[in-house]
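Take a look at the letters that make up each chain.
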Amino acid sequence: MQVLLETREIKSNAIKFLAPIVIILLALTAAACPLLWMRVNPLAAYTSIISGSCGDIYGISETLVKAVPLMLCGLAVAFPLTANRWNLGAEGQFIMGAFGASAVALSMPQLPGMILLPLMLIGGFAAGAFWGWIPGILNVRFNISEIIVSLMMNYIAVNWVSYLVYGPMRDRHAYSNFPFSPKFVQHAWLPRIIQGTRLHLGIVFAVLAAIILYVIIQKTRFGYEIRMVGANPRSARYGGIDTAKLVVLTMAAAGGIAALAGVGEVAALHHQLRRDIAVGYGYTAIPVAMLGKGHPLGILVSSLVFAALLVGGSNMQQDFGVPVALVSIIQALIVLFVVAGETLQKYRIRIVRGS
Amino acid sequence: MMRKLMLFCLIAGLTVSLIGTAASEEKTMKAAFVYISAVGDHGWSYAHDLARKYMEDSLGVETAYTENVFGPDIERVIRGYAQKGYDIIFTTSFEYMDPTIEVAADFPNIVFEHCSGFKTAENAGNYFGRIYQARYLSGLVAGKMTKSNIIGYVAAHPIPEVIRGINSFTKGVRETNPEAVVKVVWTGSWYDPAKEKEAALSLISADADVIAQHQDSPAAQEAAQDNNIYSIGYNTDMSHFAPDAHLTAPIWNWKTYYERIVDEVKSGTWTAESYWGGLGDGLVDISDFGPMVPQDVIDMVMDRRQEIIDGTFSVWPDTSDEELLSMNYFIEGVEGKIPE
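Sequence lines, in order, name chains A and B. Counting in my numbering, the first sequence runs from 884 upward without gaps. Counting in my numbering, the second sequence runs from 51 upward without gaps.
Chain A extracted, bound-state conformation (with noise of 0.2 Å):
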């Protein structure tokens, strides 16, 4: 007996549209039995994830704030996807935005903040499009995998900003000594959108990173050529198009995009640079961006779901005292379905008897 994978012939569009749905539903069914077996009822459990991430207004406010960091990292990885780039140093590069935005409001607090703020963008952009053009630019020039450099590029930005917390940035008065930097001058806080929440303004950047994007994939030359160069390389060559320099240039706005989450959650929710601002969102953003089938626009509700998963999972344990381990387990069933299922859409499974 064989299993055999064969293309799909006819893909239609209600398909690839219902699919991402029946796949989360199929997941949720899966993740019943682990529900179950820990003795929670798993209808009242998807109940909890709900009321928790949507059924009020902080929830929803909490979901958002989940979901900019997600969302921006999901572009980073998907937005080289386009050229057929992986780039799996998200992580990296929004701590390497954290950085470049803490670097510059701890160094010029005295700027007004109209200044000061937009300096962290750009402070914090410029560190992680620089993180992101390292693996863009050794993967044009040397042929090096970009998937590896970005990767391994994740644990030197975690040290460097772990060196720095530790050392230079610590604040050596108001923690005791703990490895955080100082809080930051009240005028480089990023604004709050609705008082009583933490839903910042970093949504607002996030969702226009999404339309900037999608409109340079789809209308722009520079899109154009994108795409030539992640679906067919060669003739992209033969028409003309400089590769590398896209290659690079692409990397290194993903990175920068990365980085921007970083900006977000230090200048909005820590108001200082610590370690822990780095909870794996970059590693999120590769399902994500998975899920959203690398569309910015479908990035946009998959990082929502995801957001959602994880507040409302977070909301579950509080109400039922299940282990977190379950609410990654739920979280893994997800992408292992995702995952599967866009297989599965490309190809039909055969099973031929006999040899």
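Don't take every hint at face value.
Unchecked claim - Listed below are the simulated DMTMM-like cross-link pairs for lysine to aspartate or glutamate, each with C-alpha atoms no more than 25 Å apart in a straight line:
| id | chain 1 | residue 1 | chain 2 | residue 2 |
| --- | --- | --- | --- | --- |
| 1 | A | LYS1066 | B | GLU372 |
| 2 | A | LYS1066 | B | GLU211 |
| 3 | A | LYS1066 | B | ASP148 |
| 4 | B | LYS169 | A | ASP1159 |
| 5 | B | LYS103 | B | ASP137 |
| 6 | B | LYS197 | B | GLU225 |
| 7 | B | LYS103 | B | GLU382 |
| 8 | B | LYS197 | A | ASP1159 |
| 9 | A | LYS1066 | B | ASP137 |
| 10 | B | LYS245 | A | ASP939 |
| 11 | B | LYS169 | A | ASP1054 |
| 12 | B | LYS305 | B | GLU106 |
| 13 | B | LYS169 | B | GLU211 |
| 14 | A | LYS1066 | B | GLU172 |
| 15 | B | LYS233 | B | GLU382 |
| 16 | A | LYS1066 | B | ASP156 |
| 17 | B | LYS134 | B | GLU106 |
| 18 | A | LYS1066 | B | GLU390 |
| 19 | B | LYS80 | A | ASP1054 |
| 20 | B | LYS134 | A | ASP939 |
| 21 | B | LYS387 | A | ASP939 |
| 22 | B | LYS305 | B | ASP156 |
| 23 | A | LYS1066 | B | GLU373 |
What the hints assert, rightly or not - To list a few chain B residues with every Cβ distance to chain A over 12 Å, as calculated:
| id | residue |
| --- | --- |
| 24 | GLY121 |
| 25 | ARG224 |
| 26 | ASP338 |
| 27 | THR362 |
Unchecked claim - Quick partial rundown of chain A residues pointing at chain B, CB under 8 Å, derived from the structure:
| id | residue |
| --- | --- |
| 28 | TYR941 |
| 29 | GLU945 |
| 30 | SER1028 |
| 31 | GLY1050 |
| 32 | GLN1078 |
| 33 | ARG1081 |
| 34 | THR1103 |
| 35 | ASP1159 |
| 36 | ILE1160 |
| 37 | VAL1162 |
| 38 | SER1197 |
| 39 | ASN1198 |
| 40 | GLN1201 |
Think of the hints as simulated: they come from the structure by calculation, not from any bench. On a predicted model such as this, the values are computed, not experimentally measured, just so you know. Glycine included, C-beta positions come from ideal geometry on N, C-alpha and C.
Position chain B relative to chain A; hints supplied.
This is chain B only, laid out in the frame that chain A set:
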């Protein structure tokens, strides 16, 4: 279909919350705990969770907890419990200090208790324990048991709490063995079993024959067990992870303190304070000794323990609490560097 499902969920949610409000008419006290690691860590959070279970089982308090809370999630989780109407919220990691104070300001009728920080508010107290006393006692044991005169110490973050522990431990070691040194390796993490084990192995390859730790998992204990050397645990009795290695462990016993807080909140006598309890309060102690520890060592350590409880002996006679709480230097006998 999707719509119906959502509608159903909404209705289900409403029903559940209605039933919830109806049931809470007869008031049971509700306490929530926020943990930095999973309660299955057999360390820090596990020790707190033992006390939580005790509250639930013996004090009739309804409890809830959330594990693995850090970074951007801290404020949300604390605020979530406050909104759900918990009467007391215990936040048990240093990182939780600022968010605790911030949320406390918005919920003046809820009692907040933060562990290991230094800020207080009208309705937010902080509490911690003089675990350094127990560490000193475990150091006495380590000094007696080492043969290579090198003791390894797997340490989390270079902050006063940890440094104070290392120094106190070293004081104990040097008292029973002036030749011995304590080598420190930092992991930069409270809870990272793989890193903790690696750090322990690196110390073992540097000839350490006793491994002590300021970490929340028993990984370093297992490394000691695998390499046939001794170990000093932390947080709770970790002997079942390393039956042949585990000499003793400085341990936490939060029950007494949590019981007092519950009583005070119930009777309305609670006020925000900074509490730093020690051996005499039963908040910290050392666990039972392993079978390899000779009786004369046990007797010596238990005598010293009694002296500390009676107040006739102090680990740091010439150092004020303020200095202890901001300690940022190593004493003689420690080999390692505090990152600058």
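These are the hints, each one checked on the structure:
| no. | hint | result |
| --- | --- | --- |
| 1 | A/LYS1066 to B/GLU372 | holds, 23 Å |
| 2 | A/LYS1066 to B/GLU211 | holds, 22 Å |
| 3 | A/LYS1066 to B/ASP148 | holds, 11 Å |
| 4 | B/LYS169 to A/ASP1159 | holds, 20 Å |
| 5 | B/LYS103 to B/ASP137 | holds, 17 Å |
| 6 | B/LYS197 to B/GLU225 | holds, 15 Å |
| 7 | B/LYS103 to B/GLU382 | violated, 41 Å |
| 8 | B/LYS197 to A/ASP1159 | violated, 40 Å |
| 9 | A/LYS1066 to B/ASP137 | violated, 30 Å |
| 10 | B/LYS245 to A/ASP939 | violated, 41 Å |
| 11 | B/LYS169 to A/ASP1054 | holds, 16 Å |
| 12 | B/LYS305 to B/GLU106 | holds, 11 Å |
| 13 | B/LYS169 to B/GLU211 | holds, 15 Å |
| 14 | A/LYS1066 to B/GLU172 | holds, 23 Å |
| 15 | B/LYS233 to B/GLU382 | holds, 11 Å |
| 16 | A/LYS1066 to B/ASP156 | holds, 21 Å |
| 17 | B/LYS134 to B/GLU106 | holds, 18 Å |
| 18 | A/LYS1066 to B/GLU390 | holds, 19 Å |
| 19 | B/LYS80 to A/ASP1054 | violated, 36 Å |
| 20 | B/LYS134 to A/ASP939 | holds, 13 Å |
| 21 | B/LYS387 to A/ASP939 | violated, 50 Å |
| 22 | B/LYS305 to B/ASP156 | violated, 28 Å |
| 23 | A/LYS1066 to B/GLU373 | holds, 24 Å |
| 24 | GLY121 | violated, 4 Å |
| 25 | ARG224 | holds, 24 Å |
| 26 | ASP338 | holds, 28 Å |
| 27 | THR362 | holds, 30 Å |
| 28 | TYR941 | holds, 7 Å |
| 29 | GLU945 | holds, 5 Å |
| 30 | SER1028 | violated, 25 Å |
| 31 | GLY1050 | holds, 6 Å |
| 32 | GLN1078 | violated, 11 Å |
| 33 | ARG1081 | holds, 7 Å |
| 34 | THR1103 | violated, 34 Å |
| 35 | ASP1159 | holds, 4 Å |
| 36 | ILE1160 | holds, 6 Å |
| 37 | VAL1162 | holds, 5 Å |
| 38 | SER1197 | holds, 6 Å |
| 39 | ASN1198 | holds, 7 Å |
| 40 | GLN1201 | holds, 6 Å |
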